[in-house]
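Novice: With the sequences and hints as input, model every part of the structure.
There are 2 protein chains.
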Amino acid sequence: MSAVTQNSAGNALRPLQPPRRYLFGPGPSMVAPRVYEALSKPIVGHLDPYFIQVMGDIQQLLKMVFGTNDGTTIVISGTGSAGMEAAVANFVEAETKLAVFANGYFSDRLTEMAKRQGADVVRLEKPWGATFTDHEAAEFIHRAKPNVVGFVHAETSTGALQSGQAICAAAHDAGALVIADCVTSLGGLPVNFDQTGIDVAYSCTQKGLSCPPGLSPLAISKRAMDWLGARTSPVRSWYLDLKLIHDYSTVSHRYHHTAPISMFYALREALLAIADEGIERRWQRHRRSHKSFVKGIEEMGLRMHVAEEHRIPTLNTVRVPEGVDEARVRRRLLEEHDIEIAGGFGPLAGKVFRIGVMGPLASEENVGFLLAELTKALSAEGYRQ
Amino acid sequence: MSAVTQNSAGNALRPLQPPRRYLFGPGPSMVAPRVYEALSKPIVGHLDPYFIQVMGDIQQLLKMVFGTNDGTTIVISGTGSAGMEAAVANFVEAETKLAVFANGYFSDRLTEMAKRQGADVVRLEKPWGATFTDHEAAEFIHRAKPNVVGFVHAETSTGALQSGQAICAAAHDAGALVIADCVTSLGGLPVNFDQTGIDVAYSCTQKGLSCPPGLSPLAISKRAMDWLGARTSPVRSWYLDLKLIHDYSTVSHRYHHTAPISMFYALREALLAIADEGIERRWQRHRRSHKSFVKGIEEMGLRMHVAEEHRIPTLNTVRVPEGVDEARVRRRLLEEHDIEIAGGFGPLAGKVFRIGVMGPLASEENVGFLLAELTKALSAEGYRQ
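If you read the sequences in order, they're chains E and C.
So for the first sequence, our numbering puts the first residue at 34; every next one is plus one.
So for the second sequence, our numbering puts the first residue at 34; every next one is plus one.
Calculated from the structure, these hints are not laboratory results.
These numbers come from a predicted model, not from an experiment.
From the three backbone atoms N, C-alpha and C, an ideal C-beta is built for every residue, glycine too.
Be a bit skeptical, because a hint or two may be false.
Chain E stretches covered by chain C per the calculated footprint, using a threshold of three residues with CB under 8 Å from any CB of chain C [claimed, not checked]:
(1) 49 to 57
(2) 104 to 112
(3) 135 to 147
(4) 185 to 195
(5) 330 to 343
Specialist: Structural data, given as structure tokens:
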């Protein structure tokens, strides 16, 4: 055996045989067999007429999940984080004043990315898990007079859902564009892109869309496309330059980069599966599963971290009970039962479990299974109700 | 039927059924069944111990294809173009003097990306298809005194292979780092990273590695890692910040982004398949197929665009014979025989075919098949030897 097929410990590399996990974390979430099947179909070239059609179908299907008729939908060849960077790199220039609603990790990341572009970032801060009222949103924007406003619709680090309605209204009053992080909301709950008045929304494939990670869908309003068309400074990222990507994917189909063909196949199939279920029915199913999850959690004597009216239905943050080592609970679930749930980080490190109930797992039966195993694991780690 | 499952022409979206193409273009290239099988294995989380192991295995296997013992190998969650941008964004700062060997489209793209970072770019220009001699390389670098030197090892737009030996020697004399574009070389021919003295090499998965597009492997020398560690200005791209990605993938395994799990499975399998074949044997197989391809082309009375000693063995540029409409030849091959080959672009538009003979297609039998179909298509389009 040659050294190259040994791992760093000197053992032979074994055939790929991933464990079958129940993905109850914040993402990646479970993927349906039909999506895996699409993923492994034979690839064609990135300029093949068939692939151009696949990109067109995806753009069409994305309108359903974003809730847009007028917006332009586009797919970035990178993960949700690349989508965030595309939004920032294209719509936030050096000297742009960006107002960020800061109540979790992903608004911090948005801040960091914007600073790296040379933007002037102002923040309205709240504790992780809190949300902003309409009045607070309007007051901050009127005071800050930003060029661009950024908020996180569904904050993966805290489980909090932030309404965009008042933010968008105030931003448009101030002549600002609005960027919304919809990484954890798209597909699992309504984004209502047009109705809310969002200008740029980015997401991922691996949470509410029940597709493996690797791509980032975006929706862009007509105002934002006009703004982009009028932008004169070059976007610092060539790879994420939305004018170039839009030209390749939608307009001329001229080569920009070699799109990840297989991932596009999978995304098309995941979106078709959502269309087959019906987007409204899907949202209702997720909401029902969320309710039965919360009911079970409270019956166990545990508490949700976020106030009832501001919870993300697909991603639950549950407070770790006093005296329990949350890392041990998670390790026990993973090692003994192949169940992945996540812990908190930043100010919530050690304080919450983050439990996603999405896609194929959003059912009465799966919620029951998870709650039963969580009960046992907590009990084994010393929790007494 | 709901409107969302109709395409823009109002027709129902059909189940995904991609045509089975023979991918004889410059990439994406054909993918073996075992790699498709790996691609569709059930995903685990991006922080799962199993996935951490998969990343480690890939880093190990990449050393074999790059030809490095001392270099750090890392995978970017984007395509080869993202790899180029990662190399530029991390190693070329504002005001950096970058010397580019410019003899094709990808050196132009390197130039464009570096300018967007605010670099001072100087170029040594040659016609598309030409290469630089050792003397020219040394003379340019000594005159330009750059901080960083960029060259394209295997230029996908022209079919020309540029030796890096003299470039790296002169660059190191001048105290400069060397970035090498190995997008079309990795896996199909030796890169010899350590021996050549390259500091940063980036590639893709979808050419010589026979894996679908979606990831970009990089190799980074110790000097370049030290330089990166000492860099004080923030990398403008957070998504492609190599210090953060290295920390996630190799050091602390702390969350950076959600890696495209399925693509990593496929890349691991593609690299294992290369190890099973034996990297030297694979290179020899590609070289043999190249020779029989060129022999056949010349027997047809056609001419190669690049001088014999500077040809990329895996990507052939063949001059379009006088009076033949190359786009019609390509369309005929695609529509009638599911064969993809590519045309030229830029200064080579209409003048060359670009024909990849890589991976599963690099065999006597497949070369024979392609040459026979190409002969017929050229003949149907009026070519007489």
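Novice: Quick one: see if chain C covers the stretch 185 to 195 of chain E, three-plus residues with Cβ-Cβ under 8 Å.
Specialist: violated (count 0)
Novice: Checking C-beta pairs, does the stretch 330 to 343 of chain E have three or more residues closer than 8 Å to chain C?
Specialist: That given contact is violated, which follows from only 0 residues of the stretch 330 to 343 of chain E lying within Cβ reach (below 8 Å) of chain C.
Novice: Take the stretch 135 to 147 of chain E, compare each residue's beta carbon with every beta carbon of chain C, and decide whether three or more fall closer than 8 Å.
Specialist: holds (count 3)
Novice: Verify this for me: three or more residues of the stretch 49 to 57 of chain E with a beta carbon less than 8 Å from a beta carbon of chain C.
Specialist: holds (count 7)
Novice: The stretch 104 to 112 of chain E covered by chain C? Criterion: 3 or more residues, Cβ-Cβ distance below 8 Å.
Specialist: holds (count 3)
Of the numbered hints listed earlier, those contradicted by the structure are 4, 5.
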